[in-house]
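Following the hints, put chain B in place on chain A, whose structure we already have.
Read top to bottom, the protein sequences are chains A and B.
Letter 250 of the first sequence, counting from 1, is numbered 249 in numbering that gives the first Met the number 0, and no numbers are missing.
Letter 406 of the second sequence, counting from 1, is numbered 405 in numbering that gives the first Met the number 0, and no numbers are missing.
Hints listed in this document are in silico derivations from the structure and should not be mistaken for laboratory results.
Certain hints may be false.
Keeping only pairs whose Cα atoms sit at most 30 Å apart, straight-line, the calculated BS3-like set for lysine-lysine is [what the hints assert, rightly or not]: (1) B:K345 - A:K94; (2) B:K121 - A:K407; (3) B:K13 - A:K296; (4) A:K151 - B:K4; (5) A:K407 - B:K84; (6) B:K404 - A:K407; (7) A:K297 - B:K407; (8) A:K345 - B:K102; (9) A:K121 - B:K94; (10) B:K404 - A:K102; (11) A:K42 - B:K3; (12) B:K345 - A:K102; (13) B:K181 - A:K102; (14) A:K313 - B:K156; (15) A:K404 - B:K79; (16) B:K121 - A:K404; (17) B:K121 - A:K247; (18) A:K94 - A:K121; (19) B:K345 - B:K3; (20) A:K404 - B:K102.
Protein chains: 2
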Amino acid sequence: MQIKKLNTQDSNFKDQLSQLIFFEAEENTQIEKTVAEILSDVKKRGDQAVIEYTKKFDHVDFSRMEEFEISKEELNLALKSLPQKSREALEEAAKRVFDYHNKQLMSSWSYTEDDQTLLGQKVTSLDRVGLYVPGGKAAYPSSVLMNAIPAKVAGVKEIIMVVPSPHGERNQLVLAAAALVKVDRVFAIGGAQAIGALAYGTQTIPQVDKIVGPGNAYVAEAKRRVFGVVGIDMVAGPSEILIIADEKSNPDWIAMDLFSQAEHDELAQSILISPSESFLNQVQESIDKLIETMPRKKIIETSLTNRGAMIKVKTLEEAAEISNFISPEHLELSVDDPDSLVNNIKHAGAIFMGRNTCEAVGDYCAGPNHVLPTSRTARFSSPLGVYDFQKRSSLIKLSNQGAHKLGKIASVLAHGEGLQAHAKSAEYRIDNE
Amino acid sequence: MQIKKLNTQDSNFKDQLSQLIFFEAEENTQIEKTVAEILSDVKKRGDQAVIEYTKKFDHVDFSRMEEFEISKEELNLALKSLPQKSREALEEAAKRVFDYHNKQLMSSWSYTEDDQTLLGQKVTSLDRVGLYVPGGKAAYPSSVLMNAIPAKVAGVKEIIMVVPSPHGERNQLVLAAAALVKVDRVFAIGGAQAIGALAYGTQTIPQVDKIVGPGNAYVAEAKRRVFGVVGIDMVAGPSEILIIADEKSNPDWIAMDLFSQAEHDELAQSILISPSESFLNQVQESIDKLIETMPRKKIIETSLTNRGAMIKVKTLEEAAEISNFISPEHLELSVDDPDSLVNNIKHAGAIFMGRNTCEAVGDYCAGPNHVLPTSRTARFSSPLGVYDFQKRSSLIKLSNQGAHKLGKIASVLAHGEGLQAHAKSAEYRIDNE
Numbered sequence: 000m001q002i003k004k005l006n007t008q009d010s011n012f013k014d015q016l017s018q019l020i021f022f023e024a025e026e027n028t029q030i031e032k033t034v035a036e037i038l039s040d041v042k043k044r045g046d047q048a049v050i051e052y053t054k055k056f057d058h059v060d061f062s063r064m065e066e067f068e069i070s071k072e073e074l075n076l077a078l079k080s081l082p083q084k085s086r087e088a089l090e091e092a093a094k095r096v097f098d099y100h101n102k103q104l105m106s107s108w109s110y111t112e113d114d115q116t117l118l119g120q121k122v123t124s125l126d127r128v129g130l131y132v133p134g135g136k137a138a139y140p141s142s143v144l145m146n147a148i149p150a151k152v153a154g155v156k157e158i159i160m161v162v163p164s165p166h167g168e169r170n171q172l173v174l175a176a177a178a179l180v181k182v183d184r185v186f187a188i189g190g191a192q193a194i195g196a197l198a199y200g201t202q203t204i205p206q207v208d209k210i211v212g213p214g215n216a217y218v219a220e221a222k223r224r225v226f227g228v229v230g231i232d233m234v235a236g237p238s239e240i241l242i243i244a245d246e247k248s249n250p251d252w253i254a255m256d257l258f259s260q261a262e263h264d265e266l267a268q269s270i271l272i273s274p275s276e277s278f279l280n281q282v283q284e285s286i287d288k289l290i291e292t293m294p295r296k297k298i299i300e301t302s303l304t305n306r307g308a309m310i311k312v313k314t315l316e317e318a319a320e321i322s323n324f325i326s327p328e329h330l331e332l333s334v335d336d337p338d339s340l341v342n343n344i345k346h347a348g349a350i351f352m353g354r355n356t357c358e359a360v361g362d363y364c365a366g367p368n369h370v371l372p373t374s375r376t377a378r379f380s381s382p383l384g385v386y387d388f389q390k391r392s393s394l395i396k397l398s399n400q401g402a403h404k405l406g407k408i409a410s411v412l413a414h415g416e417g418l419q420a421h422a423k424s425a426e427y428r429i430d431n432e
Numbered sequence: 000m001q002i003k004k005l006n007t008q009d010s011n012f013k014d015q016l017s018q019l020i021f022f023e024a025e026e027n028t029q030i031e032k033t034v035a036e037i038l039s040d041v042k043k044r045g046d047q048a049v050i051e052y053t054k055k056f057d058h059v060d061f062s063r064m065e066e067f068e069i070s071k072e073e074l075n076l077a078l079k080s081l082p083q084k085s086r087e088a089l090e091e092a093a094k095r096v097f098d099y100h101n102k103q104l105m106s107s108w109s110y111t112e113d114d115q116t117l118l119g120q121k122v123t124s125l126d127r128v129g130l131y132v133p134g135g136k137a138a139y140p141s142s143v144l145m146n147a148i149p150a151k152v153a154g155v156k157e158i159i160m161v162v163p164s165p166h167g168e169r170n171q172l173v174l175a176a177a178a179l180v181k182v183d184r185v186f187a188i189g190g191a192q193a194i195g196a197l198a199y200g201t202q203t204i205p206q207v208d209k210i211v212g213p214g215n216a217y218v219a220e221a222k223r224r225v226f227g228v229v230g231i232d233m234v235a236g237p238s239e240i241l242i243i244a245d246e247k248s249n250p251d252w253i254a255m256d257l258f259s260q261a262e263h264d265e266l267a268q269s270i271l272i273s274p275s276e277s278f279l280n281q282v283q284e285s286i287d288k289l290i291e292t293m294p295r296k297k298i299i300e301t302s303l304t305n306r307g308a309m310i311k312v313k314t315l316e317e318a319a320e321i322s323n324f325i326s327p328e329h330l331e332l333s334v335d336d337p338d339s340l341v342n343n344i345k346h347a348g349a350i351f352m353g354r355n356t357c358e359a360v361g362d363y364c365a366g367p368n369h370v371l372p373t374s375r376t377a378r379f380s381s382p383l384g385v386y387d388f389q390k391r392s393s394l395i396k397l398s399n400q401g402a403h404k405l406g407k408i409a410s411v412l413a414h415g416e417g418l419q420a421h422a423k424s425a426e427y428r429i430d431n432e
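Extracted from the complex, chain A is given alone in its bound form (with noise of 0.2 Å):
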C-alpha cells in the first residue's frame, strides 16, 4: 500500500495540503427534498407518521408508538446479560467520563458594584435532551457513554434516545450503555422521523430541546433542518488523526495509530507529520507488515490510499504550524516534550500527548468526550461537553443609583438610534431617589 507523501519543501506544498485535507459533504438537493418532506409529515402527523416511515425504511411494522418504546427491563436485562469483564470496562470507562466531566460543570455568579447594583450569570440546565445513536455498524456503547454523560452531569432532568432496529434487530451493547447511564426512555426509532419527532414531539414522544448524537446524510440533514426549534450539537463529517511524531517513536505504534482511525469508514483520515525522512520510511514499513493481521484491512487500504498521507517537515514547529491550519479531530504528540510542543497548538478536538497516549484510549476511557469537532471546525468549536447542556441567562439589578446613572447613558444613546421608547423608559428611571 502506497500513503502520500508530502514535503513542506515542495514549492507547490499548500496546494498539495489544501487538496489533501478538502472534504466537503455534496449538497444533495434529493436528501434536502426527502428530508424536507418527513419533516413536515411528522410535524403535522406525529406518531402516525414515523409509523409509517419507520415500516417503510426500517421494515418494522407496529401500530401502535407504545410498541417502539423499549422498557427498563428490556434495558436492564440488556445491561445484565453483558459478560462479566465487558461490564467492568464500561463502568470503569463511565466512570472516568463522569470525573472528567464534573470538572466542566458551569456555576451563576454575580458582583455588586460601588453603588449596590448588581450584575451577573445564572447557570441552568436544559430540561430534556433527545439522542441519537445510529444503527447498524456504527452503533457505538461508547457513543452513548459520551453523549449521555455530560447531559447527566449538567443536571438534564430527561434524556429520550432514539436508536433505529432495522428488521427489528435491537443492539444489545447500545441498550446495556443506555441502562448503565439510565437513560430516561428509549425507542426504536431512527432516520429523519426520529429527528423530527423529537424536535417537534408528537403525541408519544415529548419535544426536547436539544438534539445530540451522530448520524447519516439524512440524519445530519434533519438535524440541520430543525436547527432554531431544537438546539444541536453539530453536523459531524468523517473522523480524522494528525499524528506529529519524532524519530524515537515506535513505528509499530504509529501505524497502528493511524490505522485505528482508519478503519472507522473509507472517508476517514489519517496524517502523519515527523521531521525524520527515514522515520516515515519505518512507518511505511510497519503500515505494509501489519496491514495483513488487521480484520478491516480493506476500509483501512480504502482510506489511508485515498486520504491518508505522511508529511516530511523540517522541525516539530512547523509540524506545528501545519497542524493548526489543519485543525484536526485528534491530534497525537508522540515527541520527548509534548508540553512544550502543545503550547504551539492552537486548534485542535483532542491532543494526545506522549508516547504512551493514543486515540483509542480517548474514544472509551480516559475520560474527556470522543464527540468532537471535525472537518476544520475546531478552528471554531469544541469538543462535546457539559456546557452544551448549561445555559446562562444574565442578570442584572439595578441600585437607586445605578438606574440613575445608566439611565442617563441609555437615554443619549437610544435617542442617537432614534428608539424613543427605549428612551423614555430609561429616562422615567432617573431620578427615582
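Quick look at chain B alone, frame taken from chain A:
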C-alpha cells in the same frame, strides 16, 4: 388600542398561550434558492461576484474590491465627529460591556491523577471573526459594541466587519462604534454576498472562522447555509419582552417598557403578566395615554395589537411557570422581591430584576450582552458572550501506569465494538514499563 387579554383560569388558556407565542419564520424556497446561488457564485468567483451583486442590490458601482474597504482614517473621523455627549455615552457603555465580559473569560485547566496521568482542557481564542452589521434602519452602533467586545475580550486577533451602504450612504454612527472598539477592517458590503465572502474568503477579504451579527432573511439563510464551513452565532427571530409586574409597579413605566420592545418592529412581541387585574387595566390606560407621545406610534400599535398580550395569573409563582414556558428573550421582574422570584426562573435570555431595571438599560450600557436567544431558544441557548469566541481542546497525557491500566479497558471495549486496530493500538502501550 386594545391589547389581547388572557387569563390562566380560562379553560382554553394553554391553547391561547401557544397561539400567542407561536412564531415561525416561513420557509421561503425562493430565498433559499437565491441565497444558494449567490453563495456558490461568491465561492467560485470571489471579489468579482461580490462586486456585481453589490452593484445589483446596493447600487454601488465600484470596479475593485479595495474601494469597498473603509479606511482607518474614515473610521476615526466618524468617531471624532460624534457630538461630545454621544461619544461619552458610547465610551462609558463600551467600558461597562468590557468589564462584564471580562468575567466570562474561560481559562485552561488540568489535573493529575495518582498515577501521574494528566487530563485537562486547553482554552484558546478564535483567530479571525466576521461581524455582520445590517444597513438601513436597523443599523445600530450598540450592536457593533455588543458583537465586537466579547470577541476582543476573548483575544480574537482580527475582526472583519461588513456593513452594506445602499446607494453609497455610510452610517457614521456605526463607523464611529467600529473605530471605538478597534474593529480591524471594515468593508461596505452586505447581504448573502458578504456572508459568502467572509465564509469562503475572496482575493481581498480573508476567510473568517465565525460570523456573528443580525441581518435580514437573506443574511439569515446565508448564515444557516455556511454553518459548518464557519461557525455562526444564531439565527435570531423577532425581539420579545415579558414583564412580570405586581400592582405596586408604576403603570406608566410598564407601558413604556412594553413600547420599548414594540417600537423595534411590527413583529416584536410584548407580554405583560400580573396577578392584579386592576393593574393590568391601569397599564392599558397608560398605553392609551402614552401612545400619542410616541414618534414610532404606528409600529408600536401594530406590534402590540397583533402580537402583544396581558395575562392575568393567580400568583407570581404561576407567572414564573408561564415565563418558563415562553422562555423569553428579555424578562423584567417588576416586583417587591425579585431575588426570590428569580429562583423560579429557568429559561430566559436576560433577567431585569426590580422596578428600577428596565430592558433599555440592558440594551445599551448595563454590561451584559444584548444579543440574546429569541423565539423560545433560551430553552437551550445563551446570550452572546466571550465563550462564543473561545474554544476548548481536550488534553490527555498518560503515565506508563495510566497507559497500562486504561489500555486494558480500551482493549476490551474496542474488541466489543469490532474495532481491532483501536484495541491493538491501546494494547501496544500495556506493560511498557
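Taken at face value, is the distance from the CA of B:K407 to the CA of A:K297 at most 30 Å?
-> Status holds; Cα separation ~26 Å.
Does B:K3 lie within 30 Å of B:K345 when you go C-alpha to C-alpha?
-> 26 Å, holds
Regarding the pair B:K181 and A:K102, is the alpha-carbon distance no greater than 30 Å?
-> Not satisfied, since the Cα-Cα distance of roughly 35 Å exceeds 30 Å.
Restraint status (C-alpha distance of A:K345 to B:K102 at most 30 Å) = 22 Å, holds
30 Å Cα cutoff - pair B:K121, A:K407 = 42 Å, violated
Given the hint that B:K404 pairs with A:K407, test it: the Cα-Cα distance must not exceed 30 Å.
-> 63 Å, violated
Pairwise hint evaluation, A:K404 against B:K121, where the allowed Cα distance is 30 Å at most = 39 Å, violated
Can the restraint linking A:K404 and B:K79 be considered satisfied, given a maximum Cα separation of 30 Å?
-> 24 Å, holds
Holds or violated: A:K407 with B:K84, Cα cutoff 30 Å?
-> 11 Å, holds
Is it true that the CA of A:K121 sits at most 30 Å from the CA of B:K94?
-> 22 Å, holds
Verify the proposed pairing of A:K404 with B:K102, using a straight-line Cα cut of 30 Å.
-> Distance of about 22 Å is within 30 Å: holds.
Does the alpha-carbon distance linking A:K42 and B:K3 stay inside the 30 Å limit?
-> Distance ~28 Å between A:K42 and B:K3 Cα, so the pair holds.
Consistency with the previously given hints fails for numbers 2, 3, 4, 6, 13 and 16, ordered from lowest to highest.
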